[in-house]
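Undergrad: Here is how the chains run, residue by residue.
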Amino acid sequence: MSAPAVATLDAHRGPEGEGPRFAPPRRPLPAPRTLAAAAVLAALFAASVWSLISLRINVATVIDSVSNAAKFLARIFPLDFPSLGEIVSMTGLTLAIVFLATLLAVILGLPVAVLAATNTAPNRATRLAARVLIVIARAIPDLVLAIVFFRIFGLGALPGILAMGLHSVGMVGKLYADAIESIDEGPVEAVRAAGGGRVQQVVTAVIPQVMPQIIATGLHRFDINLRTSVILGYVGVVGIGKELSDAMRTMQYDCGMAWALIVLILCVGIELLSGALRARLLRSPGAAQQGLYGFVMRRMPGAAAAQSAPALPGDEVQRTPDGAVRVSPGWSADRIRRLLTLVVVLAIVAASGAATQLDPVAALASLANLPQTLAMFFPPSSGGILPELGAAMVTTLQIGLAATLLGGILSVPIGVLAAANVAPSRGVAAAFRAIIVGVHAIPDLILAIIFIVITGLGPVAGTFALAIGSIGLLSKLIADSLEETDYGVQEAVRMNGATRVQVFFAATVRQAMPALVAHVLY
Amino acid sequence: MTMTATLPDPTRSGSTASEPTASDPTAPALAVEPAIAFDAVEPAIAFDGVVKEFRRGQRALDDVTATFATGRITVLLGLSGSGKSTLLRHINGLHKPTAGHVRTLDTQVERAGTHALRALRRDVAMVFQHFNLVGSMTVLENVCTGRLGSLAGPRMGLFMYPRAVRAEAMEQLARVGLADRAFQRADTLSGGQQQRVAIARALIQEPKILLADEPVASLDPVSAASVIDLLGRISRESDLTVVCSLHQVEIALDFSDRIVGLQAGRVVLDQETAGLSQEDAYAIYDRVAHPEGPCRRRGG
Numbered sequence: 001m002s003a004p005a006v007a008t009l010d011a012h013r014g015p016e017g018e019g020p021r022f023a024p025p026r027r028p029l030p031a032p033r034t035l036a037a038a039a040v041l042a043a044l045f046a047a048s049v050w051s052l053i054s055l056r057i058n059v060a061t062v063i064d065s066v067s068n069a070a071k072f073l074a075r076i077f078p079l080d081f082p083s084l085g086e087i088v089s090m091t092g093l094t095l096a097i098v099f100l101a102t103l104l105a106v107i108l109g110l111p112v113a114v115l116a117a118t119n120t121a122p123n124r125a126t127r128l129a130a131r132v133l134i135v136i137a138r139a140i141p142d143l144v145l146a147i148v149f150f151r152i153f154g155l156g157a158l159p160g161i162l163a164m165g166l167h168s169v170g171m172v173g174k175l176y177a178d179a180i181e182s183i184d185e186g187p188v189e190a191v192r193a194a195g196g197g198r199v200q201q202v203v204t205a206v207i208p209q210v211m212p213q214i215i216a217t218g219l220h221r222f223d224i225n226l227r228t229s230v231i232l233g234y235v236g237v238v239g240i241g242k243e244l245s246d247a248m249r250t251m252q253y254d255c256g257m258a259w260a261l262i263v264l265i266l267c268v269g270i271e272l273l274s275g276a277l278r279a280r281l282l283r284s285p286g287a288a289q290q291g292l293y294g295f296v297m298r299r300m301p302g303a304a305a306a307q308s309a310p311a312l313p314g315d316e317v318q319r320t321p322d323g324a325v326r327v328s329p330g331w332s333a334d335r336i337r338r339l340l341t342l343v344v345v346l347a348i349v350a351a352s353g354a355a356t357q358l359d360p361v362a363a364l365a366s367l368a369n370l371p372q373t374l375a376m377f378f379p380p381s382s383g384g385i386l387p388e389l390g391a392a393m394v395t396t397l398q399i400g401l402a403a404t405l406l407g408g409i410l411s412v413p414i415g416v417l418a419a420a421n422v423a424p425s426r427g428v429a430a431a432f433r434a435i436i437v438g439v440h441a442i443p444d445l446i447l448a449i450i451f452i453v454i455t456g457l458g459p460v461a462g463t464f465a466l467a468i469g470s471i472g473l474l475s476k477l478i479a480d481s482l483e484e485t486d487y488g489v490q491e492a493v494r495m496n497g498a499t500r501v502q503v504f505f506a507a508t509v510r511q512a513m514p515a516l517v518a519h520v521l522y
Numbered sequence: 001m002t003m004t005a006t007l008p009d010p011t012r013s014g015s016t017a018s019e020p021t022a023s024d025p026t027a028p029a030l031a032v033e034p035a036i037a038f039d040a041v042e043p044a045i046a047f048d049g050v051v052k053e054f055r056r057g058q059r060a061l062d063d064v065t066a067t068f069a070t071g072r073i074t075v076l077l078g079l080s081g082s083g084k085s086t087l088l089r090h091i092n093g094l095h096k097p098t099a100g101h102v103r104t105l106d107t108q109v110e111r112a113g114t115h116a117l118r119a120l121r122r123d124v125a126m127v128f129q130h131f132n133l134v135g136s137m138t139v140l141e142n143v144c145t146g147r148l149g150s151l152a153g154p155r156m157g158l159f160m161y162p163r164a165v166r167a168e169a170m171e172q173l174a175r176v177g178l179a180d181r182a183f184q185r186a187d188t189l190s191g192g193q194q195q196r197v198a199i200a201r202a203l204i205q206e207p208k209i210l211l212a213d214e215p216v217a218s219l220d221p222v223s224a225a226s227v228i229d230l231l232g233r234i235s236r237e238s239d240l241t242v243v244c245s246l247h248q249v250e251i252a253l254d255f256s257d258r259i260v261g262l263q264a265g266r267v268v269l270d271q272e273t274a275g276l277s278q279e280d281a282y283a284i285y286d287r288v289a290h291p292e293g294p295c296r297r298r299g300g
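Keeping their order, the protein sequence lines are chains A and B. For the first sequence, this note's numbering assigns the number 1 to the initial residue and increments by one for each residue that follows. For the second sequence, this note's numbering assigns the number 1 to the initial residue and increments by one for each residue that follows.
Hint data in this document are derived by calculation from the structure and do not stem from the laboratory. Hints should not be assumed to be uniformly reliable.
[Claimed, not checked] Once the Cα atoms are required to be at most 20 Å apart in a straight line, the calculated EDC-like pairs of lysine to aspartate or glutamate come out as:
| # | chain 1 | residue 1 | chain 2 | residue 2 |
| --- | --- | --- | --- | --- |
| 1 | B | K208 | B | E171 |
| 2 | A | K71 | A | D254 |
| 3 | B | K96 | A | E189 |
| 4 | B | K96 | A | D246 |
| 5 | A | K476 | A | D444 |
| 6 | B | K96 | B | E53 |
[To be verified] Computed beta-carbon distance windows for the label pairs:
| # | chain 1 | residue 1 | chain 2 | residue 2 | range |
| --- | --- | --- | --- | --- | --- |
| 7 | B | P221 | A | V135 | 49 to 55 Å |
| 8 | A | D246 | B | M156 | 43 to 49 Å |
| 9 | B | S136 | A | R75 | 27 to 33 Å |
| 10 | A | G497 | B | S136 | 45 to 51 Å |
| 11 | A | R319 | B | S136 | 25 to 31 Å |
| 12 | B | R111 | A | A354 | 55 to 61 Å |
[Stated by the list, open to error] Listed next, the stretches of chain B that the computed footprint assigns to chain A, with coverage defined by at least 3 CB atoms under 8 Å from CB atoms of chain A:
| # | region |
| --- | --- |
| 13 | 44–52 |
| 14 | 152–161 |
| 15 | 222–236 |
| 16 | 261–270 |
Backbone N, C-alpha and C fix where the C-beta goes; we use that ideal spot for every residue, glycine too.
Full structure from sequences and hints, please.
TA: As structure tokens, then:
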């Protein structure tokens, strides 16, 4: 087998001392799809640059705003904090609304995902219907839903819960469906082969496999909904957002920024907590428990016994003192933890229900107004402001494009330095990861308020707020994409004597490019 | 080529035939004539002219006719893609034939509706190459899932299974030597242990037929031997009809009462194991690698 291969290689070489006999092959023409994708990206880039110029976002604008920033700072200090009781009460109310909205999204999103996933949908029509539902839920902004629900249910917590909950079904359902589609089909086939029905297959073999993703996505959505709740305060959803909005509307910037600081601390705290919980949930099974939790769990009664091999014989059933076959696990640390988790979750549900003062009877009675409320929205009409609407839509598009370009430019260096396999040292990577978490935790609304005060009303404030806000997500995605590349390829290039920069461009970026482009567009 | 079905000879004195086959006139014939008449024992499983096409024109099973007698162990041999798993999955209706008939116990599989198939599957347990356990569930809960066919409603969590089912699952775990691991997560066990859990899950069904789809292909030799010993012991204790696909010819010769060889979806060997030489068994593979004739390197 080896002789012909050698002959083929020799045929490409010239006489000794000369170069290859044949010219290297020509670079193939790019595929039409590649050309089309490049053209679209170039057009988007050109449109983004045009938007930046058109919105007058430049260094001069920034310099002009410096004096405003100084005046603003003078007006907000000292911060006027509300009383501790008010802070606790509003924080509790906000968290309760966000928790119930997220719970609603999880409860509705899971069956929608089962119907939408290719491997669990009963048929094509159901799958299509579920996918359409997901797209609609994502497409209708929670702000719009909140306005509709205020018309139906009146002021209070319920419109906020429903608006955030139903809008979240889009993202939650999509991510759950993706998770379901990537499960191991083996256990499902095993349940089917044992005579299990379709629902039994889903409940017994599918849900347990995606349970970590169900909870992790729920926690992630909780983070997002917490930020959203602040924005919904501007249309009347009770909680911190409404307090903030009321303060800013009455120009009590010192009080408003105190609430903004509370929101910031809350968001950072929840972000860190949910991030730690998500990391623990998605950790590979069998990995050692880290941190304080691991320290406590390793010292719980029964923890050592659970880790070591049982001393009982495997071919005899275990029996209780009264002689019955033992069919329940002992009270190990793990079982206690699971029970406590369940109790805590149920307690939070009950407390959230009490804090938001939900009245199911009144809510159902309000549904009687649904036809009249819907009639107010149909048929849709521009109300004689179509030209203004058109101009506003163009400006909105420009803000989106300009903010993405600015955010992208700012996110690339941060994301690159936060990637552990690219950063010059672990410390640098950790520092930039911390910056990302900090920026990500700041709600867009807070940024918008700050920039409105500094640059004045207009698209510039929105562009800056969105650009800074997008750094948190985009730089994290860039760092993750770079870290997920194959280290072996980088090692191979480095072994050839390449410099750090050469390795970065030749091996790391080259591998991560599709993911990077996808994230920027996202 | 349509093979005539063969029923096992209780005396295990099967004979070999040496006539050329229709598909390859140069190759030695591997088929044997039926050792006993069909009507002597009611077969547990019967294939009659079964064709399976996943894509038009590409036959995974090609005119398979065979019967599998009650209480015997049959091993399917053949290369990857020869149709072993497809044949197994026709027995419990996970696949339905494109043409032909499959009868398992008293159910005509190709005509069975959802309820009839569920009823059939209660009596036909299956063990898989990759164990197909839910790694995040406890060993005991995984075993309990074997009883889902006879339980109404969805179940999630060990305590949703009746106490009697949990006790039965514990008994089956003791039978495969893993009662001490009942409350561990399944993914903390070794491959061999996981396959034993999968066997316990099959046994809790109290099946009449046990299908095993390459049950030792993912295991090291020691674990493989242990699992095969367990399957053989339990099958004989419970008088199960076993149909098992394997790649290891030596194990197949030790373990089975009868061997069925498949090539490109067709049955090319159907013979009692007693009297079958290694060379005859290896010829199932050699005829693909050496179309001009069987490889002479291996001894019988």
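Undergrad: Which hint numbers does the structure go against, in order from smallest to largest?
TA: 4, 9, 13, 15 and 16
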